[in-house]
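Peer 1: If you read the protein sequences in the order shown, they are chains A and B.
Going by the working numbering, the first residue of the first sequence is number 1, and it counts up by one from there.
Going by the working numbering, the first residue of the second sequence is number 1001, and it counts up by one from there.
It is worth saying that the hints were derived from the structure and are not from the lab.
One should not assume that every hint holds.
[To be verified] Chain A side only, calculated, beta carbon under 10 angstroms to chain B, not exhaustive: (1) P19; (2) L22; (3) V264; (4) I269.
[Claimed, not checked] Pair by pair, the computed Cβ-Cβ distance ranges are: (5) B:V1301 - A:T72: 34 to 42 angstroms; (6) B:A1149 - A:A91: 35 to 43 angstroms; (7) B:A1149 - A:R32: 37 to 45 angstroms; (8) A:D11 - B:A1149: 33 to 41 angstroms; (9) A:G47 - B:D1155: 28 to 36 angstroms; (10) A:S41 - B:V1301: 54 to 62 angstroms; (11) A:F16 - B:G1079: 28 to 36 angstroms; (12) B:Q1306 - A:A126: 33 to 41 angstroms; (13) A:K207 - B:N1211: 40 to 48 angstroms; (14) B:D1024 - A:A132: 38 to 46 angstroms; (15) B:S1130 - A:S160: 49 to 57 angstroms.
It should be emphasised that the depicted structure is a prediction, and the values quoted were computed from it without experimental measurement.
Glycine residues also receive a C-beta, built at the ideal position from the N, C-alpha and C atoms.
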Amino acid sequence: MLIEPLLEIRDVSKTFPQPRTLLEVLARQPKRTLHALRGVSLMLRPGETLGIVGESGCGKSTLGRCLAGLHTPEGGEILWRRQPLSDIRRADRSRRIQMVFQDPYSSLNPRMTIAQMLDEVLFVHAPSMSSAERRDRTDSLLQMVGLSPGLKNRLPHAFSGGQRQRISIARALALEPEVLVADEPVSALDVSVQAQIINLLESLREKLGISIIFIAHDLNVVRHISHRVAVMYLGQIVETAATETLFGNPQHPYTQALLSAIPVPDPDIRSLQVGVQGELPDPLSPPPGCGFSTRCPFVMDKCEKPIPEFFDSGGEHHVRCIRAHSSTFSVPA
Amino acid sequence: MITGASSPLLRVDSLQVRFGSGKDAVTAVDNASFNIAPGEVFGLVGESGSGKSATCRSLIRLYGGSIASLPKGSITFNGRDLVRLSDKELTEIRGAEIAMIFQDPMSALNPTMRIGDQIGESLRRHQNLSSRAARERALHLLRSVGVTAPERRLDNYPHHFSGGMRQRVLIALALACRPKLLIADEPTTALDVTVQQQILRLILDLRQQTNLAVLLVTHDLGVVAQTCDRVAVMYAGRIVETGTTRQIFRRPAHPYTRALLNALPSSAGRKDTLAPIEGEPPSLAAPPSGCRFHPRCPLAVDACKQAEHVLRAVEPGHESACIRVGELGC
């Protein structure tokens, strides 16, 4: 059965022009642009958690921000139930897609109480609600994320990191969105508290039937929470598959290197063999062809030409690597 | 008292570190004891605010101006008590016999000095090398930590380097005077996972080559499992459990260690739900009485509220502060 995707991202690109120094302007050096997203295609089904992983600078946050409307992509299109997202009014868009940020210390207004913060969201976006209704909704939102409504008249500084992240989630859920974009929601938290927030997100997804785009660099966390995972490198998606397929049978050399680099929390499995050398190339001048070619242990001459995407027979597992072009993978017709 | 394989290089005994003053003073490290043998990688793990950084910084007096009083207890390094040394005497040891690398490789390097000069400075200071000899040695060091084209890199400034390369430079700088002990405070937390792997490998290789002892401070249990010989687990300023890495991971003898391991998303695949530790770590300004973990501990009984903090041996080399350790079934 084919489920219609909620969100479809087609060949999206986003660049950021780099400021030039006075010296560079005088020397008439060309303007440089950072290619944060280079032709990203993805889709999100209703009720699923899609994990997006990659190292810093790979464009995963830019992608999340494009979905939430905080950046406008230059190329490609984002479709919401087959309708271009750019045609949807900003207010309507924010009812459907909401975002949770990484740093719970800077994403909450330090001078507003929790009640004021949640009330404002409802006041702006649900003008038909009476103030009593808004108050009830605020209480139920706090209960939903596991906070006592008795704390709602406090300012953010009175809360710990984990509690603040719960508040951020309550704020994002106030408008009953269908998609939650969570950009590194647990990476600022300690392990013991991190597990609380992950469990909360999972139970909310089940209870409310929302979809979650979970952006993170911690592969174990992503493996735990996601149904499908997309791996990004240098502004491109290099591999997408169902979680267990991706972790059990990674096809792209970068995915393989990334997985083997996770320190296993087991002293009997010591696996500190260095998989890839070097670091991310300069995103201002990405290598031609495959972005990973500068570090890939299997690099060939062909890798410098544009690399098509290959899909397995079911179209569920996609890899952007010419080595994957084997019997099980083919270019889509 | 746990003992390392041979006579310890570093012995920390009943260390207490207090920050702030008067009523606001907090005890960041309370009665911490451990020792490190030559060539050993010793891990200090805990969550933020558990006192692990305060512990390792106080070993070489890098605690800034907010310290309430000088640390209590003794820190014996190579037969000398570091607590009793004058600042001048300690400066001779810091950077030479004990070196340190930090979490953020950008702020630990001087942005206005060329890399070669920064490494050379410590060599000239501690080993009286001429500037030419210092440059030669700096070149050799950069090569040994895997910096490519070191001849060219010597004259670069820190901003020319990527995060991973900066951490390599810091390691080169730390190793310049052939230290016996390297204190690494979250050395890979700011780095990407593929680069983290390279840096950890480098530290382990250097340990192999020079019999360097390493005090590795981290919150990442995966890093601990992959690198450490022995581990101490800290919670709210106290060491609650210590043992070999295998003992800690296979037979955790403190409910906190156990809960920490259970809260990790497994690399072996999806579990239904994670087992978080309920509540939040306590404030050090008003720590709970008795065992500081008791308000969050599933096994807590009334006696835990008055329990004195003492580490007791569970098996050879493995100690726990839990009074109910017998009932943990390990």
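Peer 1: Work down the list of hints and note, for each, if the structure agrees.
Peer 2: Now for the hints, and whether the structure bears them out:
1. For the restraint placing P19 (chain A) at the interface with chain B, the shortest Cβ-Cβ distance is roughly 16 angstroms, beyond the 10 angstroms limit, so the hint is violated.
2. At a threshold of 10 angstroms, the smallest CB-CB gap from L22 (chain A) to chain B is about 18 angstroms, leaving the interface hint violated.
3. Interface hint status for V264 (chain A): upheld, as the beta-carbon distance to the closest one in chain B is roughly 6 angstroms, under 10 angstroms.
4. Interface restraint check for I269 (chain A): the shortest CB-CB distance to chain B comes to about 8 angstroms, inside 10 angstroms, so the restraint holds.
5. Under the hint 34 to 42 angstroms, the C-beta atoms of V1301 (chain B) and T72 (chain A), about 59 angstroms apart, miss the expected range.
6. One distance hint, 35 to 43 angstroms for the beta-carbon pair A1149 (chain B) and A91 (chain A), is violated here, with the actual separation near 55 angstroms.
7. The hint said 37 to 45 angstroms for the Cβ distance between A1149 (chain B) and R32 (chain A), and at roughly 24 angstroms that hint is violated.
8. For the pair D11 (chain A) and A1149 (chain B), the beta carbons lie near 38 angstroms from each other, so the given range of 33 to 41 angstroms is met.
9. Between G47 (chain A) and D1155 (chain B) the beta carbons are some 57 angstroms apart, a value that contradicts the proposed interval 28 to 36 angstroms.
10. Distance hint for S41 (chain A) and V1301 (chain B): a CB-CB separation of about 57 angstroms, consistent with the stated range 54 to 62 angstroms.
11. Hint check: F16 (chain A) to G1079 (chain B), Cβ distance near 57 angstroms, so the stated range 28 to 36 angstroms is violated.
12. About 52 angstroms separates the C-beta atoms of Q1306 (chain B) and A126 (chain A), a value inconsistent with the hinted range of 33 to 41 angstroms.
13. For the pair K207 (chain A) and N1211 (chain B), the beta carbons lie near 56 angstroms from each other, so the given range of 40 to 48 angstroms is not met.
14. Between D1024 (chain B) and A132 (chain A) the Cβ separation comes to about 43 angstroms, which falls inside the hinted range of 38 to 46 angstroms.
15. At about 54 angstroms, the beta-carbon gap between S1130 (chain B) and S160 (chain A) stays in the expected band of 49 to 57 angstroms.
Figure legend: structure checked against the earlier numbered hints; hints not met, in rising order: 1, 2, 5, 6, 7, 9, 11, 12, 13.
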